[in-house]
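Novice: In case you want the letters, here they are:
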Amino acid sequence: MSENSTPSGVRRREFLKVLGAGGVATAAIGCSSDRVEKLIPYLNHPDETVPMVSNYYASTCRECSAGCGVLLETRDGRTFKLEGNPDHPLNRGALCARGQAAVQGLYNPDRYRSPMVRNRSGQLVAATWDQALKLMEQKLGEVQKGGRAGSTLFLNRHESGSFPAFLDEWLAANGMPAHLSVDPLADNAVIAANRQSYGVSWPWLAFSAARLIVSIGADFLDTWGANVPQQLEFADARARLADAPRFVYVGPRRSLTGCNADQWIACRPGSELAIANALLGKGSVNDAATASDVPVATLQALKTELTGARPALVLSGVAGSDAMELALAVNELNRQLGAVGTTVQPDRAITSFDGIATDADVIAAVEAMRAGQVPLLMIRGVNPVFTTPKAAAVVDALKKVPFKVSFSSYPDETSELCDLILPDHHAIESWGDAQPMANVIAVQQPGMAPVYDTRQTADVLITLAKANAGIAAKFAAPNYMRWLIDRYPGGTSAFTLALEKGVGTGAVAASTAPRRATAIPKTAAPIAQTAGDLFLVVYPSCSLGDGSGANKPWLQEFPDPVTKICWQSWVEINQQTAVKLGVDTGDILRVETAQGAVEAPAYVFMGIQKDTVAMAFGLGHTAYGRYAAGVGVNPGDVLPVGFDAKSGSFAWTATRAKVTKTGAYTPIVTTEGSARQHGRGIAQALTVRELADLAAGRVTEHAEAMPGMPNTEYLPGLRSPMAADAQGVVSSNIKHKEQGMYSPDHWSGMAKRRWAMTVDLARCTGCQACVTACYAENNIPTVAAPYQESHTAFLHGVAGGNILKGREMNWIRLERYWEGGEDGGDFEARFVPMLCQHCGNAPCEPVCPVYATYHSPDGLNVQVYNRCVGTRYCSNNCPYKVRYFNWFGYGEPARPQYAWPERLSWQLNPDVTVRGKGVMEKCSFCVQRIREAEHRAKAEGRELRPDEFTTSCAQACPSRAITFGDAADNDWTVAKLALDKRGYHVFQEQLNTFPAVVYLKKVNHPAPAAPAGV
Amino acid sequence: MATVTRPDEEVLRLGPNIPEANIQLPGVEKYEQVTREIQRTLYPTKLWFAGLSVAIICMLIGLGAWMWQVYMGLGVAGYSPPVMWGVYIVTFVFWVGIGHAGTLISAILYLFRAGFRTTIYRAAEAMTVFAIMTAGLFPILHLGRPWKFFWLIPYPNWRLIWPQFKSPLVWDVFAILTYLTVSSTFLYIGLLPDFAALRDAEPRPLRKHIYGVLSLGWRNSELEWRHFARAYLFLAAFSTPLVLSVHSTVSFDFAMADTPGWHATLFAPYFVAGAIFSGIGMVFTIIIPIRRWFHLKHYVTLNHLDAAAKLCLFTSLVVGTAYLTEFFIGWIGGNSMEQSYWWNRVFGQWWWAAWVMLTCNCVLPLTLFVQRLRRNTTWLFTLSIFINLGMWFERFVIFDPSLSHEFEPWQWTRYAPTYVDWAILLGSFGWFTMWFMLFIKNFPVVAISEVKEIVPPPLRTPHPVEGIEVTGMRLAFEPETPGERD
Amino acid sequence: MTKRRKRAVVPGLAALAVVAVVLSAYTGATQQPDTVIKDRGSWGYSAASSPQGRSPVQPIAFPHPTHVQTLGMNCLYCHFSANKSPDPGMPAVGTCMGCHLVIGPNRPAMNGRPARKSEGIATLQKYWAQKKPVPWVRIHHVPDYVNFAHMPHINAGVTCQTCHGQVQQMNRVYQYASLNMGWCINCHVGNVNPKWKARYDCSVCHY
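Which chain is which? The protein sequence lines are A, B and C, in order.
All residue numbers for the first sequence refer to this note's numbering, where the first residue is 1 and numbers rise by one.
All residue numbers for the second sequence refer to this note's numbering, where the first residue is 1015 and numbers rise by one.
All residue numbers for the third sequence refer to this note's numbering, where the first residue is 1501 and numbers rise by one.
Hint data in this document are derived by calculation from the structure and do not stem from the laboratory.
Be aware that one or more of the hints could be misleading.
Between beta-carbon pairs, the in silico distance windows are [said to hold, decoys possible]: (1) C/P1559 / A/G491: 34 to 42 Å; (2) A/Q131 / C/V1637: 34 to 42 Å; (3) A/N44 / C/N1671: 25 to 33 Å; (4) B/W1366 / A/G663: 41 to 49 Å; (5) A/A937 / C/A1677: 22 to 30 Å; (6) B/L1331 / A/P896: 45 to 53 Å; (7) B/L1220 / C/G1512: 16 to 24 Å; (8) B/I1399 / A/G825: 51 to 59 Å.
Below, simulated BS3-like cross-link-like pairs (lysine-lysine); rule was C-alpha separation at most 27 Å, straight line [said to hold, decoys possible]: (9) A/K399 / A/K145; (10) C/K1631 / A/K38; (11) C/K1632 / A/K938; (12) A/K38 / C/K1632; (13) C/K1695 / A/K938; (14) A/K38 / C/K1584; (15) A/K38 / C/K1697; (16) C/K1697 / A/K938; (17) A/K501 / C/K1584; (18) B/K1324 / B/K1311; (19) B/K1324 / B/K1466; (20) A/K134 / A/K400; (21) A/K282 / A/K303; (22) A/K981 / A/K938.
In this text, a Cβ means the ideal position worked out from N, Cα and C, and glycines have one as well.
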């Protein structure tokens, strides 16, 4: 057609140009840059390492005070994964989500990269260590010359082990008072009560020995105490199935711990003591009932059940104004119920919490600052500006301190107010030790060289001491590691030995310095006298803890195990109350107390007492890096400063609040679709009686014999004739050429293994440690950070926009379904980890036009990222909806949504491909670990040993609910577990998918009086 | 009786009896008139340029949106997993469907000798080709990595791997490409004699030259006509099964999946009926303005539209039946997952889309039972717009509520398209319209040669009884009239 | 006639275009990805290209023949982890200096052979003196979505030469094999050596 005669022709040519431009642009985006790749060898090769082969360094986790043992998986100079240390007495190989996320603290892009000094214009500017140390020496000198060293302050993040002693000695040498060991999460009341009752701060809680567990607000699966060992014990108790202890949770809010209870007794905040006394017989049940708004019958039933159950285990963890009294009452109750020595074991006490300063001490220190008595303040690892209530006015107090030194690694609210920053190493870069239990020393060693120009505080202090001629002699050791080894019982050899296992025997050297006197706190106003119509319960978020987790994207994107909300603050409100206030989920509520007000969207939740609203603590940072700043609100802003006078522990739940509807609305950022199962049998449960029927063979469900059910010659769904991959055919002739390839006689001879997994829902507590472990192992991007939203205008400009669109990438997710409770009564929570089921007869496989997903001979449903063109048909066809698509270039540094800004990318697992945009991804059963194990076995000329390795989720699980292995080989544990009578496949009856994941039904323990059946 | 039948008032008022009367063109007298009046439409006008510019601008908006999407990733579109297929696949099926009416009218009705197709088939066939060209874009631009689309095509490669031939998406590739090839060939063959006619009539030298090239040296010889007729018949027969097969294949994309609301054996016939229905709607949308602006009312007569409207009514009833069947099966099947999906379809987030679909596709077309409305071009045009809308929403209602409400309650979600989705949808209309606009000003939008078959042939001398009878059969001529024997 | 020939050009060009497209897809004529760190992964390229025969200039013209043939050193002496790791390992500069502290650049004329001055050794010692690693240029490269492990291949008896060619004869190493997927599979299906027949489904290398 003519190109120049008719105008239309001209237009067409322009059009073609445009199209060409489009094509070019596409190609340009498509192709990666063509750089020359260098092979940089070592200068001198370190003996212990082999390139691309991991070393595991035993160390100690410092994310919370418990101090679990970890193995730092390190390769080619980078630590990229933390796993629990099996030899450690506390966590025995398990590790919680916060521990898993420690690496993101190590590589955090917002860490201080060098010392910082406040310049004339009041800005913090980078400085060299020499400058910084010189300034520090000078200030120390001034203070000492001024004779005011006695009134300086050192706030240190609590950790057990030698460092507190070292620190106190250093302070004493400088004529300074002992430091304050701060842990905002510690339950000071319970610790004090335990000291009084048992002489130890945290006895070992042997749940598995109990016949009845009653927890009065003690969230031993969230943040109360050492949650990993407690969870291990609790899961073991639940694994006893029929004779497992019944668990009753008493509290105003159904926490994750409460969700694992068989019965929830919703009481008013502040009435716990009355209930405990009633159970103890010190108070009347009727009074307790009226105070707590609980039916008398319920309490009476609990009391009778309790007296009948020996040994029982009663716990209390209420941060109220009578916390210690309650704790003592509970200890007394335990004594009467024969718990001491059986379920409460003081002789196996956890010593991690020894020496924590009370909250009252911290506030007293703040007051001292406000009074201008403190010439020099040193802060390490704590963030009082954030963790103490706004009412304590820490900011003003800090302003009164002439010189403030922070050893913080991160630019948090407190360190931003300091005059000198001497950034500390991350725990993974540091030497140290811990005393988790009596006669157990856990060592802490660095996994790698420092990421940034930081120095371990202990080394800095030694350097400073050496600079001071007067005390240099006291600190002869060249560095802290040397100092540790010198003090270590057994000396160097014992220390080296301990480094291998991570734990040694003995006790760390105690401090020779005098301890400081504890302050006498003022009691909180009785909760009844505070203004407001609803009680306000503020609880520490189980992912973010005291807020220190908020700068780690894994923990921000980690949905709250109960509400499934992430990247957002929320106000939990009972549906009856919500109806009264005309509030629906997402309506922004204003929570107002005498101290101030915060606004957050409402989350209508039946797990909260109807006179109560609850908010999680940990969000609402104003600083602390790109992931934390400006996300959510801080309920600490509305809390009064009040204490439990006896223990000096801070009363979190001692106020009421005025709750009003602002009229504004924001969508709740949740990963939850429907909270009900709609009878689809995804999370199945049995009562004890049904379990007995099942064991006796009186099976009511799965009546008709289906291939893949236990009554076939194969494991359920794993090696059944139909569990070929989608290409197989059903045939009785086992030699049939098209016989499914898991058949041992398959012509290909490749069917040696069938990787499979069992998930024991009786053990699973829904803690989601597996989720974070999966993020860490499989390079899964986080998708909802504020900066990732900035380029997607249509998504709500807040953090979490991608989550609102359901684009989270959690390969394994914890589905939390509610059962019952529609009538406002008690209800049940069921947790089910949902991951790729690696179906033997997978719907996703035949629909992929390019063979990007297919079935491997060893039973994996494989996703080949580099073959995927992104039709997303597989996900449409996946009934379990466990396939995740890269909607943006999360793996491409050139894209605004890049998920690993320097140097988070250092954490990436070198065995796993980082996915670019436009490809589908999903759980691979940690195929990289399978291949690694196979290669190792081949190199050693042997077959794989049973249970030789496991997946990341199974390895981390603090409930030991997940078991992975080869279902085709009966020596593997999974092959045995898969035959359990409780086993079932999700959607098997409806869809014949023959999953490789076998779920074992949860076992419920209804109240003795209550009828069986849930 | 007159040599040439003049427009008969009586006939025009009552409307002749289909199918006899509808083929006659009372307003057309001579071959020359046909060539002249149709060649006249090939002169660009201001209005046309305006229309073309609008189309191209829309197309550029869509292109820009797509380039942005390729750069940033599909996340800029409104996908909210598990709704993995959104507006793009909806629009894909919509355009594929549009195509079908064209082939139906040009091929099937040709085989069935339905004369009313004669004047509208050219527009319909062109519509088919451009609709398929539009539809073919969407499977590519909805890919996560569109620059890898060629992996869907089986070609020998060093990876030693082939596409998964079990996947309906691969069948789609074949279906679409086949359909595009056949229908464009069919269009071109049909155009041959017209090119020749234009070549002879065209005054503008360049166009004359181009028509000459395109007419492949057609000389109007008897042999050529015989071959032409055979070829045309063959192609018509060849494309007839495609009308059924192509959209059945497209429907397999969904029927083969296990998604509730998709997994139905009904889908193939259901989709084909819907396709034809939507296509005829689009034919009205196209042909009614053309006959108006190109002054072709005496070619595309009310009788023809009337007949097409009856076809439209029929397919609408088929589609309606399919809807009812779906609901009925959903209810009687007793599958709770299926039922909860149906509840979601009608009362869920997109309830109004479902009602738009039912109203536009089942209720409004019932008006075509009234002959007055069948012969009222304004109403037909309005209705056709509603039908297009309704059929787009039909696909939307089938696809997205299903995906957002699948087996796994935990993953139930809501879906909302974004500006990128809408921009690309707009762009597809711009792209289609652009091609069609270019077509109608460069090719005869009414088939010259076929029209000439039903107008009086040029005669040497008038004769009292000669001419064309109403049925279009030739009357006997005088023996001495030469050239009329045999 | 000329007019006709002109017309023949159009379909001819079209045909050429089609052929070109198919061929380019076949040989994947897109550029070679060179990515160092895993998180540089971009799926844009088709990874089909093969710089077979590529022989970049190295910072030190390392003579494999001298070390392997003349001195009879084993590959594993320098590439020490090929049999125990996915990565064969590049020798640390210290490893080189183990010998070259003694064997300097200047060799006097001895038993018939003339004196020579080795640029390479001089450069090496310069690097060592500056405590700088030698920036070797990578030759054999697979895209980062290919998890190739040396260890199982060596342990299965595949010789270094099978994939890397007669390195002991290369004065300047070049890429011997195409290293593209068809080449891998050809060996895994047992065409090269039946004993080396191995699994060849995608998840063996791609995960």
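Novice: Hint by hint, say whether it matches the structure.
Specialist: Against the structure, the hints:
Range check, C/P1559 to A/G491: Cβ separation about 47 Å, and the 34 to 42 Å hint is violated. Hint check: A/Q131 to C/V1637, Cβ distance near 41 Å, so the stated range 34 to 42 Å holds. Hint check: A/N44 to C/N1671, Cβ distance near 28 Å, so the stated range 25 to 33 Å holds. As the Cβ distance of B/W1366 to A/G663 is approximately 26 Å, the hint placing it in 41 to 49 Å is violated.
At roughly 27 Å, the beta-carbon separation of A/A937 and C/A1677 lies within the given 22 to 30 Å, and the hint holds. At about 52 Å, the CB distance of B/L1331 to A/P896 agrees with the hint of 45 to 53 Å. Between B/L1220 and C/G1512 the Cβ separation comes to about 23 Å, which falls inside the hinted range of 16 to 24 Å. With their beta carbons about 55 Å apart, B/I1399 and A/G825 fall inside the hinted range of 51 to 59 Å.
Proximity of A/K399 to A/K145 is assessed by CA-CA distance (about 22 Å); at most 27 Å being required, the pair is judged to hold. Proposed proximity of C/K1631 and A/K38 is supported: the alpha carbons are some 17 Å apart, at most 27 Å. At most 27 Å may separate the alpha-carbon atoms for a hinted pair to count; C/K1632 and A/K938 exceed this at roughly 37 Å. About 14 Å separates the Cα atoms of A/K38 and C/K1632, which keeps this hinted pair within 27 Å; it holds.
With a C-alpha separation of about 15 Å, the suggested pair C/K1695 and A/K938 falls inside the 27 Å cut-off, and the hint holds. Distance hint between A/K38 and C/K1584 is fulfilled; the C-alpha atoms sit about 23 Å from each other, no more than 27 Å. Taking the CA atoms of A/K38 and C/K1697, the gap is near 33 Å; set against the 27 Å cutoff, the hint is violated. Taking the CA atoms of C/K1697 and A/K938, the gap is about 15 Å. The hint holds against a cut of 27 Å.
Of the pairs offered as hints, the one joining A/K501 and C/K1584 holds, with about 24 Å between alpha carbons and a cut-off of 27 Å not exceeded. Under the criterion of a C-alpha separation no larger than 27 Å, the hint pairing B/K1324 with B/K1311 is consistent with the structure, at around 19 Å. With a CA separation close to 25 Å, the supplied pair B/K1324 and B/K1466 stays within the 27 Å bound. Taking the CA atoms of A/K134 and A/K400, the gap is about 23 Å. The hint holds against a cut of 27 Å.
Among the hinted pairs, A/K282 with A/K303 is consistent with the structure: their alpha-carbon atoms are about 12 Å apart, no more than 27 Å. Our distance criterion of 27 Å between C-alpha atoms is broken by A/K981 and A/K938, whose separation comes to about 36 Å.
Consistency note: the structure conflicts with the earlier hints numbered 1, 4, 11, 15 and 22.
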